[in-house]
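Trainee: Going by our numbering, the sequence shown opens with residue 94, and the numbers climb by one from there.
Treat the hints as calculated values from the structure; they're not laboratory data.
For glycine and all other residues, C-beta sits at the position ideal for the given N, C-alpha and C.
Watch out, some of these pointers could steer you wrong.
As the list claims (entries may be wrong) - Below, simulated DSS-like cross-link-like pairs (lysine-lysine); rule was C-alpha separation at most 25 angstroms, straight line:
1) K138 x K516
2) K762 x K747
3) K182 x K203
4) K182 x K138
5) K516 x K467
6) K454 x K706
7) K467 x K369
8) K786 x K535
9) K334 x K369
10) K221 x K203
11) K442 x K467
12) K138 x K165
13) K277 x K334
14) K747 x K562
15) K402 x K442
16) K327 x K454
17) K783 x K761
18) K490 x K747
19) K166 x K442
20) K138 x K334
21) K221 x K535
22) K334 x K226
23) K402 x K327
24) K454 x K490
Claimed, not checked - Per label pair, the in silico range of CB-to-CB distance:
25) R249 x F291: 50 to 60 angstroms
26) K786 x D518: 20 to 30 angstroms
27) K488 x L370: 33 to 43 angstroms
28) I121 x Q250: 51 to 61 angstroms
29) K786 x E312: 19 to 29 angstroms
30) F291 x I160: 33 to 43 angstroms
31) H444 x S156: 39 to 49 angstroms
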Amino acid sequence: MAGQQFQYDDSGNTYYYFLASLVGLIVIPATYYLWPRDQTAEHLKSLAEVHGRCLWYRLRLKSQQSIVPTLKKAALLFGWFVFLLLCYKVSTLDREHHQPYNPYEILNLKQGSSLSEVKRAYHVLSLKHHPDKGGDEATFIVIATAYAALTNAESRQNWEHFGNPDGPGEIRFGIALPAWIVDKNNSMLVLLVYGLGFMVIIPVIVGQWWYRSTGYNGEILINTTQLFLHFMYKTPSMNMKRLAMVLTAACEFDPNHSEATIRPTDNTEVPELIRKLGNIDIKKKEPPFHCPYSLKARALVLAHLAHMKVSENLDEDQIFVLRKSPALLQEMVTAGSRLTAMACRLGVKAHWLVSIENTMKLSQMIVQGLQETKSPLLQLPHIEEEHLRFFVSRKHKVQMLQDLAGLRHANRRSMLRFLQDEKYDEVMAVLGSFPHLTMETKLQVLDDEDSNNITAGSIATVTVTLTRKNMADMFEKDQEAKPYVADIDDGQADLNKNKTKLWQKDRRTKSKRKKQPMKKSTPAPASKAKQANGNVAGNEVVKKEDNEEASDKDSESDEGEANKDSTSERDEESTKQRDTEVDKMAGDEGEEWEALQQSIQRRNRALLDTKSKVTHPVYSLYFPEQKQEWWWLYIADRQEQTLVSIPHHVCSLKDTEEVELQFQAPSKKGNYQYSVILRSDSYMGLDQIKPLKLEVHEAKAMPDNEPQWDIPETDEEGEDLEDSDRESNKDEYEDND
Numbered sequence: 094m095a096g097q098q099f100q101y102d103d104s105g106n107t108y109y110y111f112l113a114s115l116v117g118l119i120v121i122p123a124t125y126y127l128w129p130r131d132q133t134a135e136h137l138k139s140l141a142e143v144h145g146r147c148l149w150y151r152l153r154l155k156s157q158q159s160i161v162p163t164l165k166k167a168a169l170l171f172g173w174f175v176f177l178l179l180c181y182k183v184s185t186l187d188r189e190h191h192q193p194y195n196p197y198e199i200l201n202l203k204q205g206s207s208l209s210e211v212k213r214a215y216h217v218l219s220l221k222h223h224p225d226k227g228g229d230e231a232t233f234i235v236i237a238t239a240y241a242a243l244t245n246a247e248s249r250q251n252w253e254h255f256g257n258p259d260g261p262g263e264i265r266f267g268i269a270l271p272a273w274i275v276d277k278n279n280s281m282l283v284l285l286v287y288g289l290g291f292m293v294i295i296p297v298i299v300g301q302w303w304y305r306s307t308g309y310n311g312e313i314l315i316n317t318t319q320l321f322l323h324f325m326y327k328t329p330s331m332n333m334k335r336l337a338m339v340l341t342a343a344c345e346f347d348p349n350h351s352e353a354t355i356r357p358t359d360n361t362e363v364p365e366l367i368r369k370l371g372n373i374d375i376k377k378k379e380p381p382f383h384c385p386y387s388l389k390a391r392a393l394v395l396a397h398l399a400h401m402k403v404s405e406n407l408d409e410d411q412i413f414v415l416r417k418s419p420a421l422l423q424e425m426v427t428a429g430s431r432l433t434a435m436a437c438r439l440g441v442k443a444h445w446l447v448s449i450e451n452t453m454k455l456s457q458m459i460v461q462g463l464q465e466t467k468s469p470l471l472q473l474p475h476i477e478e479e480h481l482r483f484f485v486s487r488k489h490k491v492q493m494l495q496d497l498a499g500l501r502h503a504n505r506r507s508m509l510r511f512l513q514d515e516k517y518d519e520v521m522a523v524l525g526s527f528p529h530l531t532m533e534t535k536l537q538v539l540d541d542e543d544s545n546n547i548t549a550g551s552i553a554t555v556t557v558t559l560t561r562k563n564m565a566d567m568f569e570k571d572q573e574a575k576p577y578v579a580d581i582d583d584g585q586a587d588l589n590k591n592k593t594k595l596w597q598k599d600r601r602t603k604s605k606r607k608k609q610p611m612k613k614s615t616p617a618p619a620s621k622a623k624q625a626n627g628n629v630a631g632n633e634v635v636k637k638e639d640n641e642e643a644s645d646k647d648s649e650s651d652e653g654e655a656n657k658d659s660t661s662e663r664d665e666e667s668t669k670q671r672d673t674e675v676d677k678m679a680g681d682e683g684e685e686w687e688a689l690q691q692s693i694q695r696r697n698r699a700l701l702d703t704k705s706k707v708t709h710p711v712y713s714l715y716f717p718e719q720k721q722e723w724w725w726l727y728i729a730d731r732q733e734q735t736l737v738s739i740p741h742h743v744c745s746l747k748d749t750e751e752v753e754l755q756f757q758a759p760s761k762k763g764n765y766q767y768s769v770i771l772r773s774d775s776y777m778g779l780d781q782i783k784p785l786k787l788e789v790h791e792a793k794a795m796p797d798n799e800p801q802w803d804i805p806e807t808d809e810e811g812e813d814l815e816d817s818d819r820e821s822n823k824d825e826y827e828d829n830d
């Protein structure tokens, strides 16, 4: 009976298959995750004109000069070299192709040849390959075996059933491992490696991954989310100081929960930094604000906003804290939105709007490295606080970046006269790269017959279309003789140099009107009587003409009505009016149907499409990491200080973007004044507020009898009812008899 045989690779040829697979499984994922993703030198050079002075740009250049990315690339390239070498080795191996045993092919015969033909073929081949005749012995053995298989009945039967004249053989399993692995001398070493790999290393890696995945909510720790919810609920209206305390109390800055580090020098450097700042209350015992990690993170954030230099050890920790802050602030906005939604479900007024908006402002402050009271103009390079006095003059008062971009070139250059030409060009290049957004809103009720009618309690949808351009477009408009609002007077004066001014014309006309009665002589009473009679006569003439025109119109209308065919023409006009009304209704329904289909398509695209979050790099002089332009879009009630819709984080605005904001209309009818607010998470002074008027009507009453449920009777049912009526009438007639 056939057995089984395991055969290891003593020559080491098939072992290359296993080794190439193992190296490929390691090298390919390692390249994807560990390859340095720093931008190329050419791309950095293209950003140097605008972002050359930014901290993140200088850190990126320094990281390219570091040896760590070079070592990573060298190790990964060496791994790929080994992998390709093994693949080449595998491709050049001599593989034994297993072919089924066929004695007819060995004897050069056709399938099913007769016994005489088999003997004749064997005789010819034996004369050629017999060892006594100078032939090959191995070839002759194969020929003899084939002859025996075809001439012997038992061998022929074994070949037909098992493919082998000798009957069933052993089943061999080839293992692509060298034989020294199962050698007795190496058994302890192999067992030790197996135990470390599969019982220690792999379980530890999987356990750490599972522990981190269960402790994180995306990129944020679950403990941090719970902490934000607690303090948001405790203090609905938080100021900037309180928000900074809550932000720096996040568990991401605690070394026990994250990769944050504690240095021996913190015991001396952190208290010294706190003394320099002077606005941190150390004696406050409210947990976790008094913890050392929270005090350290708060001092580093406040030092960043105050442009205060820190030591080299604290500089690394400050970079770590600042890089984590935007995502944490976004989580704080989400926490406030959740609390607002829960309060709305319970029917309680939610007053977290102040905290949410202050959180958004704090994000702008941290990215730009400016305090709340500082001017947005300080976001530009080469402009310090001592230069702000140049932005206020008799003609112009520039407070925002838009004001500076809207000035004419001559006025802007004279205002920035303290800058040299090179620095002025750099300021203009940076200002031209800043975003200039326009916002269009459309209010409607989707999935409703009358989409423009807002009823009490209905779900209203505000479709906001955002268009992003550079502020350099405002420079181009200025060159096209479209002056900014601050320069309208000067522009009109230049265009109308030779023309008299409007206020001068008004004065001249007034003076003329006043001087006219002075020049005329005093009229006689007779003239007054004549004028009075003339006026009366004129009035009478006008009345007569009006009466004549009215009589003419009446006569024309009477004639027109008389000329008409009384019934036929009126019927035609009524049918035409009905047709036009039906066409209008059909057109309105078609437009509503198209709008509904477009909204459904937008929702489907939003669910299926994964848009890139790479939009435009933010110009930030003091932020240590490259930041992309993102925005918050929401609807709020400024009078009640409440949030109407959940803030939507717009992360894919490159040129244009459509966002749908949904909210529930008030339960009482009336006129409401809301605001659609767009806030940047990176720039100061670029926020936009657009009013949204909401007219809420009473909800439609539900009809008692819906027409779609009035099912007409069929013919069979009608016949059955008629038969039953006839039978009842017969019974009544018989009773009467």
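Trainee: If a hint holds in the structure, say so; if it doesn't, say that too.
Mentor: We went through each hint and held it up to the structure:
Between the alpha carbons of K138 and K516 the distance comes to roughly 19 angstroms, so the proposed pair stays at or under 25 angstroms and holds. A threshold of 25 angstroms between alpha carbons decides the hint, and for K762 with K747 the separation of about 39 angstroms lies outside it, so the pair is violated. Of the pairs offered as hints, the one joining K182 and K203 is violated, with about 40 angstroms between alpha carbons and a cut-off of 25 angstroms exceeded. Between K182 and K138 the CA atoms are separated by roughly 43 angstroms; this puts the pair beyond 25 angstroms, and the hint is violated.
Between K516 and K467 the CA atoms are separated by roughly 22 angstroms; this keeps the pair inside 25 angstroms, and the hint holds. Restraint check for K454 and K706: satisfied, since their Cα atoms lie roughly 21 angstroms apart, inside the 25 angstroms limit. Proposed proximity of K467 and K369 is supported: the alpha carbons are some 20 angstroms apart, at most 25 angstroms. A threshold of 25 angstroms between alpha carbons decides the hint, and for K786 with K535 the separation of about 11 angstroms falls inside it, so the pair holds.
With a CA separation close to 17 angstroms, the supplied pair K334 and K369 stays within the 25 angstroms bound. Of the supplied pair hints, the one linking K221 and K203 holds, its CA atoms being roughly 20 angstroms apart against a limit of 25 angstroms. For the suggested pair K442 and K467, the alpha carbons sit about 33 angstroms apart, so the restraint of at most 25 angstroms is broken. Restraint check: the Cα-Cα separation between K138 and K165 comes to about 24 angstroms, which is no more than 25 angstroms; the hinted pair holds.
Of the supplied pair hints, the one linking K277 and K334 is violated, its CA atoms being roughly 71 angstroms apart against a limit of 25 angstroms. Distance restraint check for K747 and K562: the Cα-Cα separation of roughly 9 angstroms lies within the 25 angstroms cut-off, and the hinted pair is therefore satisfied. Among the hinted pairs, K402 with K442 is inconsistent with the structure: their alpha-carbon atoms are about 44 angstroms apart, more than 25 angstroms. Between the alpha carbons of K327 and K454 the distance comes to roughly 20 angstroms, so the proposed pair stays at or under 25 angstroms and holds.
Proposed proximity of K783 and K761 is supported: the alpha carbons are some 23 angstroms apart, at most 25 angstroms. For the suggested pair K490 and K747, the alpha carbons sit about 31 angstroms apart, so the restraint of at most 25 angstroms is broken. About 57 angstroms separates the Cα atoms of K166 and K442, which puts this hinted pair outside 25 angstroms; it is violated. The straight-line distance between the Cα atoms of K138 and K334 is roughly 39 angstroms, outside the 25 angstroms bound, and the hint therefore fails.
Straight-line distance between C-alpha atoms of K221 and K535 comes to about 97 angstroms, which puts the hinted pair past the 25 angstroms bound. Annotation: proposed proximity of K334 to K226 is violated, straight-line Cα distance about 107 angstroms (limit 25 angstroms). At roughly 34 angstroms between alpha-carbon atoms, K402 and K327 are farther apart than 25 angstroms, so this suggested pair is violated. A threshold of 25 angstroms between alpha carbons decides the hint, and for K454 with K490 the separation of about 24 angstroms falls inside it, so the pair holds.
Roughly 51 angstroms separates the CB atoms of R249 and F291, a value that falls within the hinted 50 to 60 angstroms. Judged by the Cβ atoms, the range 20 to 30 angstroms given for K786 and D518 is violated: they are separated by roughly 45 angstroms. In this structure the supplied range 33 to 43 angstroms holds for K488 paired with L370, their Cβ-Cβ distance being about 40 angstroms. Our hint of 51 to 61 angstroms for I121 and Q250 holds, since their Cβ atoms are close to 52 angstroms apart.
Look at K786 against E312: about 39 angstroms separates their beta carbons, and that is not inside 19 to 29 angstroms. Our hint of 33 to 43 angstroms for F291 and I160 holds, since their Cβ atoms are close to 35 angstroms apart. For H444 and S156, the hinted distance range of 39 to 49 angstroms is satisfied, since their beta carbons lie about 45 angstroms from each other.
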